[in-house]
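Sequences are here, hints too, so could you generate the full structure?
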Amino acid sequence: MTERTPSKVAVPIAVPIAVLATCLADALRPETVRATCTLLARLSSKRKPPALPKRQTCCGQILYNAGDRKGAASQALRVIDLFEPFQAVVVPSGSCAGMLKRHYPQLLAGTPHARRAQAFARKSWELTEFLHLFRPRTQQPETQHKPPDKSLPPLTWHDSCSCLRECKSSTSCARSLLAARGVRLHEASEREVCCGFGGKFSIANSAVSTSMADDKLARLQQSGAKLVASADLGCLLHLAGRARRRALPLSFVHIAELLVEQKPLPTIGA
Amino acid sequence: MTSVSSGKSFHDDAAAALQNPSLQAALDKAGAGFLATRSRAFASIENAQALCEAAERVRTRAVHDMADLLLLFEQRARAQGVSVHWAETAEQARSIVLALCAGKRRIVKGKSMASEEIELNEALLQAGAEVVETDLGEYIVQLAEEIPSHIIAPAVHKTRAQIDALFRHHHGGRKTPEGRVRSSQTLVEEARRIIRKKFLRAEVGITGTNMLIAERGAALLLTNEGNGDLSAIMAERHIVLAGIERIVASEKDAAAVLRVLARSATGQSLGTYVSLYGGTGRGTDGTEKPRKDMHVVLLDNGRSAMHGGPWHDMLRCIRCGACLNHCPVYTSVGGHAYGWVYSGPMGKVLSPLLAEAGTDARLKRRVAALPHASSFCGRCVEVCPVGIPLTSLMRKLRNRHFERPQGIKGWKTRLGCLGVRLLFAHPRLYRSLLALALRLLKLAARGKGHVGRVAWLPGIGGWTKTRDLPVNRSARAAITLLDDV
Numbered sequence: 004m005t006e007r008t009p010s011k012v013a014v015p016i017a018v019p020i021a022v023l024a025t026c027l028a029d030a031l032r033p034e035t036v037r038a039t040c041t042l043l044a045r046l047s048s049k050r051k052p053p054a055l056p057k058r059q060t061c062c063g064q065i066l067y068n069a070g071d072r073k074g075a076a077s078q079a080l081r082v083i084d085l086f087e088p089f090q091a092v093v094v095p096s097g098s099c100a101g102m103l104k105r106h107y108p109q110l111l112a113g114t115p116h117a118r119r120a121q122a123f124a125r126k127s128w129e130l131t132e133f134l135h136l137f138r139p140r141t142q143q144p145e146t147q148h149k150p151p152d153k154s155l156p157p158l159t160w161h162d163s164c165s166c167l168r169e170c171k172s173s174t175s176c177a178r179s180l181l182a183a184r185g186v187r188l189h190e191a192s193e194r195e196v197c198c199g200f201g202g203k204f205s206i207a208n209s210a211v212s213t214s215m216a217d218d219k220l221a222r223l224q225q226s227g228a229k230l231v232a233s234a235d236l237g238c239l240l241h242l243a244g245r246a247r248r249r250a251l252p253l254s255f256v257h258i259a260e261l262l263v264e265q266k267p268l269p270t271i272g273a
Numbered sequence: 046m047t048s049v050s051s052g053k054s055f056h057d058d059a060a061a062a063l064q065n066p067s068l069q070a071a072l073d074k075a076g077a078g079f080l081a082t083r084s085r086a087f088a089s090i091e092n093a094q095a096l097c098e099a100a101e102r103v104r105t106r107a108v109h110d111m112a113d114l115l116l117l118f119e120q121r122a123r124a125q126g127v128s129v130h131w132a133e134t135a136e137q138a139r140s141i142v143l144a145l146c147a148g149k150r151r152i153v154k155g156k157s158m159a160s161e162e163i164e165l166n167e168a169l170l171q172a173g174a175e176v177v178e179t180d181l182g183e184y185i186v187q188l189a190e191e192i193p194s195h196i197i198a199p200a201v202h203k204t205r206a207q208i209d210a211l212f213r214h215h216h217g218g219r220k221t222p223e224g225r226v227r228s229s230q231t232l233v234e235e236a237r238r239i240i241r242k243k244f245l246r247a248e249v250g251i252t253g254t255n256m257l258i259a260e261r262g263a264a265l266l267l268t269n270e271g272n273g274d275l276s277a278i279m280a281e282r283h284i285v286l287a288g289i290e291r292i293v294a295s296e297k298d299a300a301a302v303l304r305v306l307a308r309s310a311t312g313q314s315l316g317t318y319v320s321l322y323g324g325t326g327r328g329t330d331g332t333e334k335p336r337k338d339m340h341v342v343l344l345d346n347g348r349s350a351m352h353g354g355p356w357h358d359m360l361r362c363i364r365c366g367a368c369l370n371h372c373p374v375y376t377s378v379g380g381h382a383y384g385w386v387y388s389g390p391m392g393k394v395l396s397p398l399l400a401e402a403g404t405d406a407r408l409k410r411r412v413a414a415l416p417h418a419s420s421f422c423g424r425c426v427e428v429c430p431v432g433i434p435l436t437s438l439m440r441k442l443r444n445r446h447f448e449r450p451q452g453i454k455g456w457k458t459r460l461g462c463l464g465v466r467l468l469f470a471h472p473r474l475y476r477s478l479l480a481l482a483l484r485l486l487k488l489a490a491r492g493k494g495h496v497g498r499v500a501w502l503p504g505i506g507g508w509t510k511t512r513d514l515p516v517n518r519s520a521r522a523a524i525t526l527l528d529d530v
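First to last, the protein sequences are chains A and B.
When we follow the working numbering, the leftmost residue of the first sequence carries the number 4, and every step to the right adds one.
When we follow the working numbering, the leftmost residue of the second sequence carries the number 46, and every step to the right adds one.
Hints are not guaranteed to be accurate.
Here are the simulated EDC-like cross-link-like pairs (lysine to aspartate or glutamate), alpha carbons at most 20 Å apart as the crow flies [stated by the list, open to error]:
| # | chain 1 | residue 1 | chain 2 | residue 2 |
| --- | --- | --- | --- | --- |
| 1 | A | Lys73 | B | Glu448 |
| 2 | B | Lys510 | A | Asp218 |
| 3 | A | Lys51 | B | Asp528 |
| 4 | A | Lys229 | A | Glu190 |
| 5 | A | Lys203 | B | Glu448 |
Note that these hints are calculated values from the structure, not bench results.
Here it is as structure tokens:
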């Protein structure tokens, strides 16, 4: 991903894009999906919003991680069928994007759909990767840094494990988008350590998952930040839910909602 | 057996471990040290990536050619007068060692995970022998009647105060004044004095091995305390216990593994002592002389069944422990929660597979669920020096559970997945049920002083027990909501 330089990118873009909302955002945080669509519309030449196919449900990761490989493979195929007509599929989650990019090709390897899965993986994007690559010329590196946005509380960034390890460019893309938005990050320590969400893990191994959340929350607080942004709603719901239960002075926001620059800033569970 | 797992499941033992203050103190202290030394060790060399790739290639080839290399090892070792014994099961390995120790009473042992795996100590004790672990960590867990909680740092779960108390209890001597704990150096010296005497009187020395070198017919031992070498040379008889996958082709190959082993494990460029044990040694006059009585016990215990199958990659493991040290689950709960001698990410894969080869039904049930206790963060895969895809292997084990469900949990997962499949196949049904669920969720989040969040919800009690669930205030799914605009 990193080898594609911005100069080769046609801006603004005119390709038909679709958004895979992700089941979590669809059900629990429609604001994230709306912000994702707004951001993508801003990139298009005619401010055309991206498609949001109505028949979408979930990327199938819930089945894949529960061990239901067959179920996950048929869901992968269903997602590919639905989104294949579009030239790009943008996902506001590193975890679900990782599923499309890394795991679909493995799930469908050795089936008649193997090549389709590989082609589909190539046009699937984690949101911040896409926004960074196709950002308007006014935000090219030389003009990138806006004066600091003083309306924001001190902010830190949470790298999800899937952004770090499956969509490897996301972690730098997100930081550069935030810089362009006028955000100065208060970086936390041990950013490469998992927050303990892990889907079903957070429910089935509640005690360990919660202890990992507490460790993460302590490091996020030590950074001096009051607001935590991330590209993954799973981590955010888990951390926000735990912080809220412990009445910690931390708020949480998905990067899409932060980049839309709407005021007041909507935070999760507020 | 000396198992320490008190609860029935990883889940129970992990929850208990989190509430154990001295364990948490010990884990906190050890954890950061391991990570810092390892990252320094790799940062200080230019070609870290290349070294890991070379070690991976060596291990891949060795595991691929395992059968031929083992036969070559046997031939070369026998030619030097070393006896080679094949043990298909833990039971067989125990009887071989027991037979070799018949009539001998005093046994010293170097660190060997294979011996922990086959519960050798109990077998020897039952046969009336005195067995003393000579690795300091192993010695501590032996005194405490526990099993190791880490494959390279067996007593990492113990605080200095606990070790002091343990030594007092077993070694006698004056009481430490209240609230004071003896220094590490004092404790180490005390253990050394006692263990030295055991070396001098030992009739049999049992050690593990880091690698069996086929072309040389020799066993390689990498240690820091020197106890492995004393175990190997002080007694008349030396028994090496080795998992069959410890094989490598040549000294050159062994060197490639050594370059990453200690760096990954303890952050050293090499361990303090690297020794090769074969049938001959060089005398003081420089000539080759036969060493005394040496035996190598080759342990299968489920390993050959992994060869060529879905779990083949796991055989590459060099037992460095990097995946344990970098695992947020392991560093939160320690090794004992895993219920057996192998813990952390490698244990989550290895324990269920090895337990299947054994006869202990309770152990099999206990470790079968381990592959589910992962958030799939993937850090273990990132740090593994020989590129074992640990998370993929755990996922494959989950696949197998799904295909062959066991117990109520297994069936619940299976039925849950079948339900989810049905919903995914019928998006309109999915939409209607989701709409209903969101309305109910909004109702649940109303009142009780917690607007906008749910503090308790049936079915996801594991979540709501410790966390609120931030709810969707519009009570409408994004797809429906945005479609209307």
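Consistency of the hints with the structure:
1. Between the alpha carbons of Lys73 of chain A and Glu448 of chain B the distance comes to roughly 10 Å, so the proposed pair stays at or under 20 Å and holds.
2. The hinted pair formed by Lys510 of chain B and Asp218 of chain A meets the criterion: a straight-line CA distance of about 18 Å does not exceed 20 Å.
3. For the hint linking Lys51 of chain A to Asp528 of chain B, the alpha-carbon distance of about 14 Å falls within 20 Å, and the restraint holds.
4. For the hint pairing Lys229 of chain A with Glu190 of chain A, the CA-to-CA distance comes to about 12 Å; that is within 20 Å, so the pair holds.
5. Distance hint between Lys203 of chain A and Glu448 of chain B is fulfilled; the C-alpha atoms sit about 18 Å from each other, no more than 20 Å.
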